[in-house]
Every structure is written in C-alpha cells, then in structure tokens.
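Chemist: Taken in sequence, the protein lines are chains V and Z. My numbering numbers the first residue of the first sequence as 3 and each following residue consecutively. My numbering numbers the first residue of the second sequence as 4 and each following residue consecutively.
One thing to keep in mind: the hints can contain errors.
As the list claims (entries may be wrong) - Short, incomplete list of chain V residues facing chain Z, as computed with Cβ under 7 Å:
| id | residue |
| --- | --- |
| 1 | Trp-422 |
| 2 | His-426 |
| 3 | Gly-427 |
| 4 | Ala-607 |
| 5 | Asn-609 |
| 6 | Gln-613 |
Hints were generated in silico from the structure; no laboratory data involved. The structure presented is a predicted model; accordingly, all values stated were derived computationally and were not measured. Built from N, CA and C at the ideal position, the CB exists for glycine as well.
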Amino acid sequence: MLKKTENQISDLKVVGTRPVRPDGVPKVTGQARYGADYSLPGMLWGKILRSPHAHARIRSIDTSAARALPGVKAVMVGSDMPEQSFSYIGPDRVQVNYWHMTRNVMAREKALFDGHPVAAVAATTAAIAEQALKLIKVDYEVLPHVIDVDDAMKEDAPLLFDNMITRGVSPEPTKPSNVSRRSEFKVGDLEAGFALADEVVEMSFTTEPVHQGYIETHGTLARYGADGQCEIWSSSQGHFMVRAYTAKLLGMNISDLLVHPAEIGGGFGGKTVVYLEPVAALLSKKTGLPVKLVMSREDVFRATGPTSGSSMTVKMGVTKDGKIVAADGTFKLQAGAFPGSPVMNAAMCAFSVYEIENARAVGYDVVCNRPKAVAYRAPGSPIAAFAVESVVDELARRIGMDPLALRLKNAVKAGSPTIWGPKHGYDGFVETIEALMAHPAYKIPLGKNQGRGVASGFWFNGGGESAVTVHVSEDGSIAIASGSMDVGGSRASMALMAAETLGVPYDSVRSTVSDTASIGYNHVTGGSRVTFATGMAVVQACEKIVDDMRARAAMIWDVPLEAVSWQEGAAHLTDAALGEKAPLSLKDIAAKRAVTGGPIVAEVALNAGGQAPGFSTQFCDVEVDPETGAVKILRYVAAQDVGRAIHPSYVEGQIQGGVVQGIGWALNETYVYNDKGQLENTGFLDYRVPVASDLPMIEALIVEVPNPNHPFGVKGVGEVNIVPVMAAVANALRGATGVRQHALPMSPPVVLAALDAQAEEVVGA
Amino acid sequence: MPDRVPESVPEWVPKLNAIDNLLRAPVRVTLTGAMPPFTSGEMSFELSVTNMRGLLRALNDRFPGIGEVLEEDTAVAIDGVIHEVVYTQLLPPGCEVFFIPRLESG
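Please model the complete structure; the sequences and the hints are all you need to start from.
Modeler: Printed below as a string of structure tokens:
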C-alpha cells in the first residue's frame, strides 16, 4: 500500500460519536466485578511465601509445620508443578520458555529476585494462611546479586544461570554470561554516512525500570473439580492466554480449563502473563475446594513485571541543512530474572520515524536480579526513543534548526525504508508534525526557567486472531460477544462499529466479553490490536447479518434477493416492478425469526492483517524551580495518528493516559533497592506516579489518516502515545536549564544536582 | 509444514496456466533475523508464487524446515503492510515480501 492513504468514508452516523461508555455505570457504582471480587462457597484463601533474598540457592523447603497448622488444607512448592522442557518457543521478540515460566511462577533451584515466590498455602482463612507461611522453613544459600544492566554485563558479574550462552552471536561464546541474546538491525554504510555529517552527536543514557502502575492488583479464583475440569476467574489482558499458559504449566488439556474474564482495573501490558492462576488451580486441585489468591500492592511491586531499565548509547550525524545521514545505537535492556526484555522492539523502533540511509541498532537482552520484565505500552520503543529523540534534539540545536522542522525534513512516509527490512507501508507521521506546527501554543513565548521540548515516536500496532459472534434478538436489539478483554473501551468501539454497519442506534447494541468456552480464540488485548482486529471481525459479522436480513426480507416479500437492499437499518424493496412494500426494519424481520429460518446469528473468526503503525509527535513546556529542582509541566500537546477515532473520548483518554504515564517515567518513577537487593519502595506513597494535581490538562490532537485495510480506517491507539514523552520532557528541561539530562527519572534531586554542577562549572570558569 | 505438496489444490489458490506464470512478475522475498542456518546466508529470492501458502511451500522445498519457522515465528510485510502469516494471503505480482519478527506487545 505504498501510496498516500485517503479518507474513504464521509457519511458516518455513529462511528466518531461520543456516547456514554457502557462500562462507566458498573464501575462507578461498584457493580463491576474485578478479579478479587469473585468468591465461591467453601472457598479457601491462598497466600504465597516470597524470597527475602535477591539471589539465593534454595537448599531445602520444610513445609511440615505449616501443613500441621489447623485450618491449613494444602501447601505447594515449585516442584509440585510438572517440569517443563528447556526450549525457546515462538517469535524472536517474545520467545516463551516454559522452563523459565514455571520458575517465574514459583522458584525451584534458586530464588532470583526479592519477592520471588517459593511456596504457597491454602487455608480456611487468610489469617491462618499468613500464619502458615511463617512456619515454612526455607534453607537459603545467599548468593551475590546484580541489579543493574551494566553491572550484569561485566566479566565478573554474579551469574543468574550457570549455563546461559548468549544467543545471536557468532561464533557462539564459550563462557556463560547474563547476556541472553544479542540482536542487530542494519542498513547502509555507517562509516560513509557519518563522513557526510557536518555535526555528530553521541551520548549515553540510562532509564529505570518502571511499573505499569495498574490500580487493580492481581487476583484470581480457581475451582478444580474431581472430574479434572477447572474453572478460573481472573482479570487479565487475555483469558485465552491465561487458559493456555495455566494448562501448559499444569500439564492439562487446554479445553479442560474454562477461564472467565473479570473486569480489569488497568493492565498496560502487565497482565499478559500468569502469576497466580497456576498456583490457585493447583492448590484447588490438591484440596478439592475453590482457592482464591489476591496480591497486595507490595506483592505487585516486588514480584510482577515492570518494563526494563536500560543503558544506551546513540550516535547520529546531520548535515547543515538538516538531513540525518547516519545513526548508530546500542541498547542494553534488563530482562529481570528471566530472558525476554523488549530489546528487539527497542532496536527496531529506535530510528523508525526517520529516513536514514545508514543506520544500525544493536540490542542486548540481559538478566539481573529483578522481577521478570513484562510488556508496558509499546514495549521497548519509549526506552529507545528517550535516547534517540534526545540526540535528535541536540542535532537540531547544533545546526540551529527548529526541532519540528528537523523532524519534518527527515520524516518517514509510505515507501520510506526501515532499518528492519521492509519499506513503510503508511503515511501518518508527517501529519502529526504538521498538526503541532499549526498549533497556536507552539508559538507561545516562554518565560524564565521555562523550556519547550519536542519528540516523536513509532509503534507497530497489531492485528492477529479474533473471534466474535453477533446475535439479533427477537426485539431487534443486538448482542455482540467477543473474546477480547475490554481494557480501553473496546465494548463501546465494537458497539459503535456494529451500529454503523447495521444502521441501528448505538443504544440497541450490547457488547460483552465471553468466557473461553463460549467464543473462539482471541489473542490478548495488547499491541493496540483490538479495535482494529476484533473490530474487523465485528464489522464482517454484521455484514453477514445484513446479508441474512436481506434474505429473510426477500422470503417475507416473496421477491428475489437481488431486489432487496439494506439501508439505515431496514430492508428496502428496490425493484418497483415487484410492487411497493414498506421497509422492513431489523425489528420487523427479527420478529419473524422462527418462520424465516431460526436464530439470527453470525460468527466471524479471522487472523487480521494489514495493521498500520502508530505515529505520535508531542511537545511540552516545563518550568524548573532552580531552588529545588522540581519540574512543573506547564503545557502538554500530543498529536497522534489514530487512523480513525471510533469513540473520540476514549481515544483522547488513551492519549492522555499514555502521556501521563510517560511523565511519571520521566520525572519520578524508580525502584529503590537496598544493598541486599531488596526493594524498599513497595507502595504508591514511595513509588510516585503522577496524580491530577501534578499535571495540566493534556491536550490530545487526534490526527486521522485512515488505514485502507480496515473497514473504518482504524490503526490503533493505545501505545505510541507514551513513546515520545520522556524525551519531550528531557528536551524541554534542556531548554529551560541548558543542561542535558542523561538519566531517568529526572527527579528534583537529580535536576538540582545538575543545576549545581552547572553553576560550579560557571564559577570555575 | 508438510513435506509434500498436497495433491488437491485448495479452492482459494488462484489457478495459473503456464503463460500466466511466465507473464507474472515474480515475488521478491527477503528473510530477516535468524534464518541463515537454514539458507546458508542467502536472504533474498525471486519466486513465482501467488499466495502465502505457495510461498511457504516454495521456500520449504528449497530450505527444508524453514517453512515451519516462518509460520510460527514471523510476521510478513507485503509492500510494507504488515500481516500475520496466513496461507490465504494473496501476493500481488512483483510485490516485495519481508519476513520479520512477529509483533507482540502491551
């Protein structure tokens, strides 16, 4: 699709409106049921014992005293789950190794991070379960630990795995290390490219791991029947994922496990893996009773995945007239306790908004004694963008060019090359830059201690497998069942697209999320894929419904099918020679459901392709307090190409949410480990995410360059908005203070130290 | 990935006669990532195929075992537009096909 995309739809009636969100009332009235809200008669409470050590060999675990405690019904350790073979399965970027996964759920030979589960108890009350945990005796041999990525890559670093040989290196290394994998993407001739540059900037950066910060902690309820059938209720970004992973880890047939989706209180990528579900199911199997497990906030911080921290070096060259001629980046990302950081994404996305003929991106996936990294909004891309977009900002300063103008000059379009092989298939980036250039706030003069920063970002967006069923009820109302968890408003967007396709009011459509036995497989809600892929399935199912309704109308009128059209929610007889008939509404036809053939149902299952990437360009204005180093965000404008906004309020909410999370990543969020490798800030009081009073209104500029491969032009919304944020804030700080920040978070003490160092330099000079 | 071509060609496979095949511009295919073990370093090919099933079969015939890896581990960009690897995906004449690491995200 190497041509400029065009707006194909001009007369939409429902898509693009802002009806009341269907999940709003249940959430604000407390009726919404999250993972922790489910209970069953006779239910037991599960609790998990976690390692107090960052790195320790487990010599033995004595559970006898815990088992003897009255009220305790079962105790389990890691080896109660079947062993898994050691092999990397699936795509390079997200390889799954079940040998690692089962050990992430519960440690076996070693505890690899503070908070690593080592045993679990099921008891009649939560208090008894807690008491039983204290009776479990674990004999640890404490080992040296390593927290940071650069330390973990040193020759003498403590090894998490004695036999880990770096993949992706030829010849294969002979010695083990903490580097799980090396990846490289390259195009052109770097040396020749840098030779063309008038200015070259090379800088190194670090970023901290940050948590997704979802408000709802993980919670699950499992009931394992004597017949070998198991049911699980849990909140996740994909109950089919929960089913597949849990079944694999417990050695079950997938179809013997039924997973019910609970309402989700935020995920942002962090709920695309299992932690509690296999434990609850196994404890239930042992006891014959339902078992419920709910994490505390402390558990979430200590033992669930943040995104990676990083150490990066980026070098870029530009000509005087603003052409970027070469780029080279090295990205080292922490995977946490098991391999699998998003470093390949980081390397692929790093330079993807710019047309650069000579470029290279090298990535290292490095294990260290932290919780296993998990996806977080556009995983990997924001990390790389912090480094790349900071360097681009310096290039603009060196050649005296407006940073938006520099980006516009080098912006990718449909047909531009990428570092990872194919050409870009879509436009959309240029339009985000132009949207900011035309924004009046971009020209507002700044005051003392104030600065303006610009940055851009890229994210692939996703397609993939989805299945939906659309039912027409006898009163003409519509029920949609999908298997895609609603994380960001997909029930509303599905209903809007169905209403538009069928020509019926939005209020007559009810959209639900079905359990794993009631609908076909749906991939996780992630990668900004659901409104695109599941939405495509909904539209196709509604088109089948329209065909069915036309056929039934033709039957009712005794006319050929070709003589019946579907307009505005009703069948019309279009051949005057066949007589005059009043239109038959969807309700009229549904009332004759039985005599025209029975239930009116359409099911579509597909593997959606043709997804278009997301581009975002943003600017922010900051003011720095030179006395404290505190940074205040004065103004934030984020332009994002979304293809088509199905429900603009949700889209704006996604953009605002991504920006706010990025501001937290930029200014405050960090994990504080003590010298024993134990996490010290395990709550939101000490791990500081932004709150409303920290922020101005985030202005979301919706740019619509429709995707021709989706019926309504959808591209995907949920992720690219976080990609530019940290660099935009850093670039604004650079403008306000004259100091380039190389490390996140740019918290007040860090900024103040940089200002003090700058002052000392001035005095020294 | 079966080793042998199925005897009956599915309905959705466009029928081509010999002249069509001669006139049709070949598909330009590029592999990325960890494929060299299969291909001895050869990464770009021109193949006369009309759909993804045919392409996978042609590659697997040339490099036994690669078909399954491509099916399981990659996505595909056809003239820059990313798709999942699905047998029924049609390949326009002369199109540019890149197998790339499959996407997964948050």
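Chemist: Against each hint, give a clear statement of whether it holds in the structure.
Modeler: Here's how the hints hold up against the structure:
Using the Cβ-Cβ criterion of 7 Å, the hint placing V/Trp-422 at the interface with chain Z is satisfied: the shortest such distance is roughly 6 Å. This hint holds: V/His-426 has a C-beta 6 Å from the nearest C-beta of chain Z, less than the 7 Å allowed. The criterion of a C-beta within 7 Å of any C-beta in chain Z is met by V/Gly-427, whose closest approach is roughly 3 Å, and the hint holds. Taking 7 Å as the C-beta cut-off, the interface hint given for V/Ala-607 is violated, the closest approach to chain Z being about 12 Å.
Using the Cβ-Cβ criterion of 7 Å, the hint placing V/Asn-609 at the interface with chain Z is satisfied: the shortest such distance is roughly 5 Å. The interface hint given for V/Gln-613 holds, since its Cβ lies 6 Å from the closest Cβ of chain Z, which is under the 7 Å cut-off.
Going down the numbered hints, you'll see the structure goes against just number 4.
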